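Number of protein chains: 2
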Amino acid sequence: MARKRLIVVGGDAAGMSAASQLRRLDRDREIVVFEKGPHTSYAACGIPYFVAGLIEKPEQLIARTPETFREKYDIDARTLQEVMAVDCRGKTVQITDHREGRSYSMEFDDLLIATGALPFKPDVPGIDSDGVFGVNTLESGIALERFLRERRPTRAIVVGGGYIGLEIAEALNCHRGLKVTLVERAPQVMGTLDPDMGALVGDAISDVGIDLRLGETLQAVETAGGKIRAVVTDKGEIETDLVVLGLGVRPNTALAAEAGLALGVRDAIRVDDRMATPTPSVWAAGDCAETFHLVSRQPFHVALGTVANKMGRVAGINLAGKSARFPGVVGTAVSKICKYEVARTGLLEAEAKKLDLDYSAATIKTRTRAGYYPGAGRIHVKLLAENGTGRLLGGQIVGVEGAAKRIDVLAACLHGQKTVQDLVDMDLSYAPPFSPVWDPVQIAARALLKEV
Amino acid sequence: MARKRLIVVGGDAAGMSAASQLRRLDRDREIVVFEKGPHTSYAACGIPYFVAGLIEKPEQLIARTPETFREKYDIDARTLQEVMAVDCRGKTVQITDHREGRSYSMEFDDLLIATGALPFKPDVPGIDSDGVFGVNTLESGIALERFLRERRPTRAIVVGGGYIGLEIAEALNCHRGLKVTLVERAPQVMGTLDPDMGALVGDAISDVGIDLRLGETLQAVETAGGKIRAVVTDKGEIETDLVVLGLGVRPNTALAAEAGLALGVRDAIRVDDRMATPTPSVWAAGDCAETFHLVSRQPFHVALGTVANKMGRVAGINLAGKSARFPGVVGTAVSKICKYEVARTGLLEAEAKKLDLDYSAATIKTRTRAGYYPGAGRIHVKLLAENGTGRLLGGQIVGVEGAAKRIDVLAACLHGQKTVQDLVDMDLSYAPPFSPVWDPVQIAARALLKEV
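Quick mapping for you: the protein sequence lines, in order, are chains A and B.
Under this note's numbering, think of the first position of the first sequence as 13, with each following residue one higher.
Under this note's numbering, think of the first position of the second sequence as 13, with each following residue one higher.
Simulated from the structure, these hints should not be mistaken for lab results.
These figures come from a predicted structure and were not determined experimentally.
You may find that some hints are simply not true.
When chains are identical, the list treats them as one kind, so a pair holds in a single copy or across two.
[To be verified] Here are the simulated DSS-like cross-link-like pairs (lysine-lysine), alpha carbons at most 25 Å apart as the crow flies:
(1) Lys69 with Lys351
(2) Lys84 with Lys247
(3) Lys377 with Lys247
(4) Lys84 with Lys377
(5) Lys365 with Lys239
(6) Lys247 with Lys48
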């Protein structure tokens, strides 16, 4: 009897998590993974730190190579091979092998689509010039790092003030010593925060010497003699040696759409909480797949390695015939910009308004440790809760070292549908090196308690 | 009409929190606080760091002085005045003014007992010698710090391997450069951890150069020429210049017992979740009061500043005629010993056994940050959960910087009666400087999921 075959499209976090999980539970299944790039299973989130020079070799970002998957997991991971088309009814995929320059097809019993996300790229003149970099794949990170070493640029423009843009701006400014200008179209950095909390991050950015240009839009990249010379924005020209695009990503689902799979929020592939699509035998996981927001109770999309890993694990368990569910997310994220830490979970004010929720918000400023303990630094905590019920809706934190990981307590509260009063009562840990006697999230909860 | 009078016995965390909270809600009440020591409202938890020399002046540990309470809060805080007896029926207290050497009585409408805790002191010869110190009051911390500066001792014995003992051992060893021997009667340090996790702390203690003597009992303190010369234990003699007792505390409830108040666990004063005792118009809060353990569902006692503050706040709100409840604790605690961090919440294995719970445990070892990120250090996480239901019962963490505050996520899970599966699914924050892609507590949850 032939072994049942799973084909996985995409060999990074979600795809390889699913494949490994399936292998742990089922020794017989044939598993073939097609990855269009040269690497499998790498930590895309680590790329800014490789660019910063904090990580010596790009190989350190690779969790497992195709060889490891083949030898230790009996997973046939084929790199530089791209799935060009999927026939869901005929249960066949068409593959182009970029190394050999040939095409072939392969049948599947189950198909997992884990094609990840694609970076936004502004459609402006000069955007494909040598010296313009993305940072969403390991190859692009390696190319940027080589450019920094070989060309020794002194000025950089980073386009985009979200997590990726800020992390790259940190890498180039704080670690590589370049003069960095950050260009962001919106009136605030970090659009995943409320404007008031985003402004604190903006101040932090300026504080470390990054030239922050808000409300400014990239219009062209200009070159001279084959090198980047400047960027042109709606407000003028900024000279630079280098441009890095950090504009966020969208689900990479052109292949899925062509195959007739249902798409949802932001064109992410629709899946149930088992990671099954509505199309029989076809599954999806990771940055290309839709998820569910447990606070708004609506379909949602987020591109994060941690969610991709969780989805992959659940897909793998279900593919093995066992049962697992991924209930959804609460919108948690964290980032570090030089000495500043930023975190968020749940809903923003704008999102709460859009959902017509009657809410209150409170923001407090305190210290990360007991005030008398050395190294106590600033922390700002903002909380949102529903009026009447007191149900916690979201939280945002901006502060120095030790500030941001507190967001996990708020995430746990959102998962548990806890109220502000519950948070005030919670038995959180205290000792002077770790916290004021009331944890900052509880100080914020006490302030919010007066409002709701 | 005469103002209604609240008398508070004890002017530290619980007593002053209650008094301040009442004043915020009721501008008319007369509030008189009797504190037998010279200070009000100080951070007892900060004493080890003052002894360490990390905090310059003892005044930095005082949140509010009696003058501040008088002038800003209209609270009559009388220091060096001790309540000697309480007549609950006659609603009168007897006070001795140690400064003036006189006694007087005062009537109350309401009485709040916040007498705190008393340190254990072994009943052995020489224990009252000059050079033997406790560290549970600010005065004792000041005396020890002065001894260190003036006598310049080079060797110290710390008796007791709980939080206080370890923090003082850190202060003397890591910050003051003394040769420290820690004597602990039990076969492990940190009895609030399971033996396997306690052993990790023991290793950490030895690792920083502290001479750790487990299973060894203090029998006498020996002096020569008015100075400490050595301690005698059941295993021999250890020469030293200084002895510090860090043996933990018990509720200070002799006054309450004499007044006929009901006592509960460890002789702590019985209170309901409003902090009212069964005796009309008499309230209790802080280290002298009983609480409730939300995991074991049994009465419990814990002496911690964070719990005392919460209890005081609730007492103050109820004293003002409004309604607040303190549901209880889950047994959360955290401590730092040199570069090591230790935390715990919920039940230990021994406690789960005593409650006849059918449970499983899992312990994992991983890194505080992404493995490739600079500064990623060791973290050990142990979780306990009930078999069948999967309900989380407790967690323990030992690791380096950034490890311990994760205990708060586990505490939130215990408050929410979450299962191990809930914890695996939780949307916790991830970025390489903060965590591996699966947070260590989730890696532990995944390991435990296989068992329950």
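Status of the hints after comparison with the structure:
1. With identical chains, the CA atoms of Lys69 and Lys351 are at most 25 Å apart within one copy only, with a shortest distance of 24 Å there and 28 Å across copies.
2. In this homomeric assembly, Lys84 and Lys247 never come within 25 Å of each other (Cα to Cα): the closest approach is 56 Å inside a single copy and 53 Å across copies.
3. In this assembly of identical chains, the alpha carbons of Lys377 and Lys247 never lie at most 25 Å apart, being 35 Å within a copy and 53 Å across copies at closest.
4. Proximity of Lys84 and Lys377 under a CA criterion of 25 Å is satisfied inter-copy only: 22 Å between copies versus 51 Å inside one chain copy.
5. In the homo-oligomer, the alpha carbons of Lys365 and Lys239 never lie at most 25 Å apart, since the shortest distance is 47 Å inside one protomer and 71 Å across protomers.
6. For a Cα distance limit of 25 Å, the shortest separation of Lys247 from Lys48 qualifies neither inside one copy, at 39 Å, nor across copies, at 69 Å.
Checked against the numbered hints listed earlier, the structure breaks hints 2, 3, 5, 6; every other hint is satisfied.
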